[in-house]
Amino acid sequence: MKAKIIVPFLFLILAPLLVEAQCAMCRAVLESGEGQDIAEGVNSGIKYLMLFPYLVIGGLLFFIYRKYRHSS
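Following my numbering, the numbering of the sequence shown begins with 5 at its first residue and continues without gaps.
A couple of the hints might just be wrong.
[Stated by the list, open to error] The following label-pair restraints were derived from C-beta to C-beta distances:
1. R31 - P57: 32 to 42 Å
2. L18 - Y72: 36 to 46 Å
3. Y72 - I17: 40 to 50 Å
4. A43 - Y69: 22 to 32 Å
None of these hints come from the bench; they were simulated from the model.
Remember, predicted model here, so these are calculated numbers, not experimental data.
Quick reminder that beta carbons are idealized off the backbone N, C-alpha and C, glycines included.
Make the full structure from the sequences, and use the hints.
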C-alpha cells in the first residue's frame with residue numbers, strides 16, 4: 005500500500021529535475037557559436053509546439069461564440 009503512494013510521489017518530485025537538465029543542455033547548444041542550424045531548428049520547434057495550444061483555445065472560443073450566437 006505504501007509503495008503505491010511512494011512511487012508516484014517520488015516520480016513527481018524527481019521529474020522536474022530531468023526537465024531542468026534538458027533545458028540546460030538546449031541552452032548550451034544554443035549559446036555555443038557552432039551549429040546555427042541546430043539553433044534555428046530548436047527555435048522552429050518551439051514555435052511549432054506553441055502553435056497548437058493557441059489553435060485549440062481559438063477553436064474552442066470560436067465554437068462557444070458560435071453556440072451563443074445561435075442561441076440568442
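Quick rundown of the hints versus the structure:
About 23 Å separates the C-beta atoms of R31 and P57, a value inconsistent with the hinted range of 32 to 42 Å. Separation of L18 from Y72 is about 45 Å and conforms to the stated range, judged on CB atoms against 36 to 46 Å. Taken as a hint, the range 40 to 50 Å holds for the pair Y72 and I17, whose Cβ atoms sit roughly 43 Å apart. A hinted range of 22 to 32 Å is violated for the C-beta pair A43 and Y69, which are about 39 Å apart.
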